[in-house]
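S.K.: With the sequences and hints as input, model every part of the structure.
Protein chains: 2
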Amino acid sequence: MIYTLEKGSYSSIAAKNFLNFIEKKEEIFYCPTIYNIFENLKKGYGVVPIENSIEGGVSLTMDLLLEYKPKILAEIIIPIHHNLIGFNKEKIKTILSHPQALAQCKNYIKKHNWKVLPVESTAKAVDIIAKKRDESLAAIGSEELAELYNLKILDSKIEDYKNNATRFILIGYDDLKLKPSKNYKGSIVLELKEDKPGALYRILKIFADREINLTRIESRPSKRLLGIYIFYIDFEYKNFDSSVIEELKKYTNYVINFGKFPSYNLIGEIK
Amino acid sequence: MIYTLEKGSYSSIAAKNFLNFIEKKEEIFYCPTIYNIFENLKKGYGVVPIENSIEGGVSLTMDLLLEYKPKILAEIIIPIHHNLIGFNKEKIKTILSHPQALAQCKNYIKKHNWKVLPVESTAKAVDIIAKKRDESLAAIGSEELAELYNLKILDSKIEDYKNNATRFILIGYDDLKLKPSKNYKGSIVLELKEDKPGALYRILKIFADREINLTRIESRPSKRLLGIYIFYIDFEYKNFDSSVIEELKKYTNYVINFGKFPSYNLIGEIK
Chain S
1 MIYTLEKGSY SSIAAKNFLN FIEKKEEIFY CPTIYNIFEN LKKGYGVVPI ENSIEGGVSL
61 TMDLLLEYKP KILAEIIIPI HHNLIGFNKE KIKTILSHPQ ALAQCKNYIK KHNWKVLPVE
121 STAKAVDIIA KKRDESLAAI GSEELAELYN LKILDSKIED YKNNATRFIL IGYDDLKLKP
181 SKNYKGSIVL ELKEDKPGAL YRILKIFADR EINLTRIESR PSKRLLGIYI FYIDFEYKNF
241 DSSVIEELKK YTNYVINFGK FPSYNLIGEI K
Chain F
1 MIYTLEKGSY SSIAAKNFLN FIEKKEEIFY CPTIYNIFEN LKKGYGVVPI ENSIEGGVSL
61 TMDLLLEYKP KILAEIIIPI HHNLIGFNKE KIKTILSHPQ ALAQCKNYIK KHNWKVLPVE
121 STAKAVDIIA KKRDESLAAI GSEELAELYN LKILDSKIED YKNNATRFIL IGYDDLKLKP
181 SKNYKGSIVL ELKEDKPGAL YRILKIFADR EINLTRIESR PSKRLLGIYI FYIDFEYKNF
241 DSSVIEELKK YTNYVINFGK FPSYNLIGEI K
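Going line by line, the protein sequences match chains S and F.
The opening position of the first sequence corresponds to residue 1 in this note's numbering, with each subsequent residue numbered one higher.
The opening position of the second sequence corresponds to residue 1 in this note's numbering, with each subsequent residue numbered one higher.
A couple of the hints might just be wrong.
Note: identical chains are not told apart, hence a pair may lie in one copy or across any two.
Said to hold, decoys possible - Dumping the calculated DSS-like pairs for lysine-lysine here, alpha-carbon to alpha-carbon at most 30 Å:
#: 1; residue 1: LYS182; residue 2: LYS250
#: 2; residue 1: LYS205; residue 2: LYS238
#: 3; residue 1: LYS24; residue 2: LYS91
#: 4; residue 1: LYS124; residue 2: LYS106
#: 5; residue 1: LYS162; residue 2: LYS223
Hint data in this document are derived by calculation from the structure and do not stem from the laboratory.
M.R.: Okay, here's the thing in structure tokens:
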């Protein structure tokens, strides 16, 4: 069982694509929120967005990873194309969508002088306009969502930047047999022991000394004090071994290791 | 002229507090969005939120700093206490507020099983419930907002974490005479030249060698490719000089220097 966001959401498209890399047959179940997906991890696996190329880290997923501490079993990178979904482009006054989708089409929306109304998900946005059938409303979402609700695509690829892509992760407490990949990555979270000059520098030196390539480093507040941060670090697994974690422990309050996982990049493979 | 968010917003409270540190008399003007504040910088100064101790960086402010490149003239850190504003706590079904405020009261809202409706600002949320006068609605916002709209505070200090604080910055193109502070900070943004092992490490070494204390490092996507990041780095100004920028240039595509500014910390000084 794989839990993900609502049918037609970009996460559900990611989940469908993950199925091609999972050896066993798995069924997809749809949840209204990222919370629900994490809560269902006792019963199965989850697919959630972790990072977008334009808007950055998905902070809710990042916070819940820390709280639920699942393994990351795989990641998949998918190009994201947004569509304007509605009835009549000339009559639009307000655009509904998830805040991330609205942010990724900021310039497009600004150009048209439309008002924005953030809602919980792209699926919810399309659901609202399908029910209201008010020509002054339109939604931003996937092609799949427009089909699902039998609504018109008034404009496609409306995202502001060409390289709009999102990285999704497959998470769970149990292992899962996956197809091999050319790239394997690792992911950890750590909290620095002290707020001193060079604290983060010492951490990065451990990676640099071993020529481990960091693919992402992102800070989040520790939620304890302004100025104390935790760091999410992703890296290519090559040259990594358990001695890294042992060394990191010297300079950190804690290290959470999400494990080694295959990375599948579908940019250029799906349109 | 100082532009900030709507009357009663946390930004407007920050702007009011900044007035105590500005030598000249300045008047405050209110804008509906962070965008508008940046657009008004040709005519005056701006006060915008940059970072919250729980939710992290305010990505819209971070993106616009890069686009408009103003100087950072000062920063102020203010404790944030959220209030439940409405009519009757027993009858509440839906909570309206800015997504950051909703996120900062996540556990409190979850405990009550209320639905959430994100809107553009805390001021907008209170405005909506004041107009609708529907007992099933409530808003999250400041004491000032409740007073302004003559609404009841049904519950106070409803934020999930005790150390909830937000850092606001005063920005502009022209200098402004400010009262001295015990702490001075600097802020830069840079894009790494290459995505190679140790690229960020080399950057941090420049600071570590000079014993410059970094107070914050946050990555944002470059908006060009997934995996290419820009870094926002704040530091204590002690030991910093222009040679740092010269050295940084060797390893980066660009460095933007927002300047040296006083830091005022009001935690413990205002309730």
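S.K.: None of the hints should be skipped; say for each whether it holds.
M.R.: Results of checking the hints against the structure:
no., hint, verdict
1, LYS182 x LYS250, "neither (32 Å within a copy, 32 Å between copies)"
2, LYS205 x LYS238, "both (16 Å within a copy, 24 Å between copies)"
3, LYS24 x LYS91, "neither (48 Å within a copy, 48 Å between copies)"
4, LYS124 x LYS106, "both (19 Å within a copy, 20 Å between copies)"
5, LYS162 x LYS223, "between (35 Å within a copy, 9 Å between copies)"
In summary, the numbered hints that this structure violates are 1 and 3.
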